[in-house]
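> With chain A's structure known, arrange chain B on it following the hints.
Each chain is listed here by its residues.
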Amino acid sequence: MDGGIMSTVKSKKLQVGTDATASNNFTIYQPDTPDGTLKIGVGNADSPTEVAQVTSSGLSVTGNLSVTGSVPANTGPAFSAYLSANQTISSSTFTKVQFNTEEFDTNSNYDNATNYRFTPTVAGYYQINSSIRYDASTTPTRALISIYKNGSDFKRGNDLGNNSTQSVISTLIYFNGSTDYIECWVYITASTAVVGTAGPIFTYFQAHLARAA
Amino acid sequence: MTLYEKIIAIYPELVDYDFAMRDITLQNDSDGKGDYIKEWNHPTLAKPTQEQLDGVQ
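Protein sequence lines, in the order shown, are assigned to chains A and B. Residues 2 to 214 (our numbering) are what the first sequence spells out, left to right. Residues 34 to 90 (our numbering) are what the second sequence spells out, left to right.
Because the hints were derived from the structure by calculation, they are not lab data. For glycine and all other residues, C-beta sits at the position ideal for the given N, C-alpha and C.
Reference excerpt, derived from the structure (chain A facing chain B, CB under 10 Å, subset only):
id: 1; residue: Q88
id: 2; residue: I90
id: 3; residue: S91
id: 4; residue: T94
id: 5; residue: T96
id: 6; residue: K97
id: 7; residue: V98
id: 8; residue: T115
id: 9; residue: Y117
id: 10; residue: R143
id: 11; residue: L145
id: 12; residue: T190
Below 25 Å or equal to it, Euclidean Cα-Cα: the simulated DSS-like pairs (lysine-lysine) are:
id: 13; chain 1: A; residue 1: K156; chain 2: B; residue 2: K71
id: 14; chain 1: B; residue 1: K71; chain 2: A; residue 2: K150
id: 15; chain 1: B; residue 1: K66; chain 2: A; residue 2: K150
id: 16; chain 1: B; residue 1: K39; chain 2: B; residue 2: K71
id: 17; chain 1: B; residue 1: K66; chain 2: B; residue 2: K80
id: 18; chain 1: A; residue 1: K40; chain 2: A; residue 2: K11
id: 19; chain 1: A; residue 1: K13; chain 2: A; residue 2: K40
id: 20; chain 1: B; residue 1: K39; chain 2: B; residue 2: K66
id: 21; chain 1: B; residue 1: K80; chain 2: B; residue 2: K39
The following block holds chain A by itself, in its conformation from the complex (with noise of 0.2 Å):
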């Protein structure tokens, strides 16, 4: 406003430029039934081709987008974590691995001293990874990691054979950013079996948001 004299123009599509090349200029419209999107397309008003539309949520580019500025990173929820020492299971029973030392936990969403297990507050779709060593000396004959979604087996791991000595897992799982939850099992088939450890280089725990729900 300058001088006091505001006007408001009211209309479904403005068009900005006049070229007699159609693709020369540009729309700014709303759909014909509006939907809450605003949209920008190529083209004169009476059939402008979209190549972006804003609403509430934030900006889509249905084309390529070029940035020259800087983009802000996934600020998402991220953990690892590692055992501190040897666990010793029940052979042929799958037991929880108590990762309780964490390298990193971005949102305070992995819990290593009770529960051992990460619920993230984002939703969104998860990468997973764990590795874990056993220990050969005890040869084991069957040594295989499953991620435990809300209690239940859910996503395994490379099944191994004789005489493993590690195993490892990478996956992706949804969280609904409230209840779901996930942990990592073992299950080993030895003499005496055992996660083994050598601080976080052989067995650790690990998840990351990949794409927000």
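This is chain B only, laid out in the frame that chain A set:
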């Protein structure tokens, strides 16, 4: 003697595959309460009773 060892003593014909692939699932929640039978879906063998398990020496 672990729960697994007791079950093997009762049913020597069981193999590791039965325990790894969810016909039988033994579990330990790492909460100090020990091992327990989470699932018993074996097609021919009945879930052992507590009396059978207690009787294994």
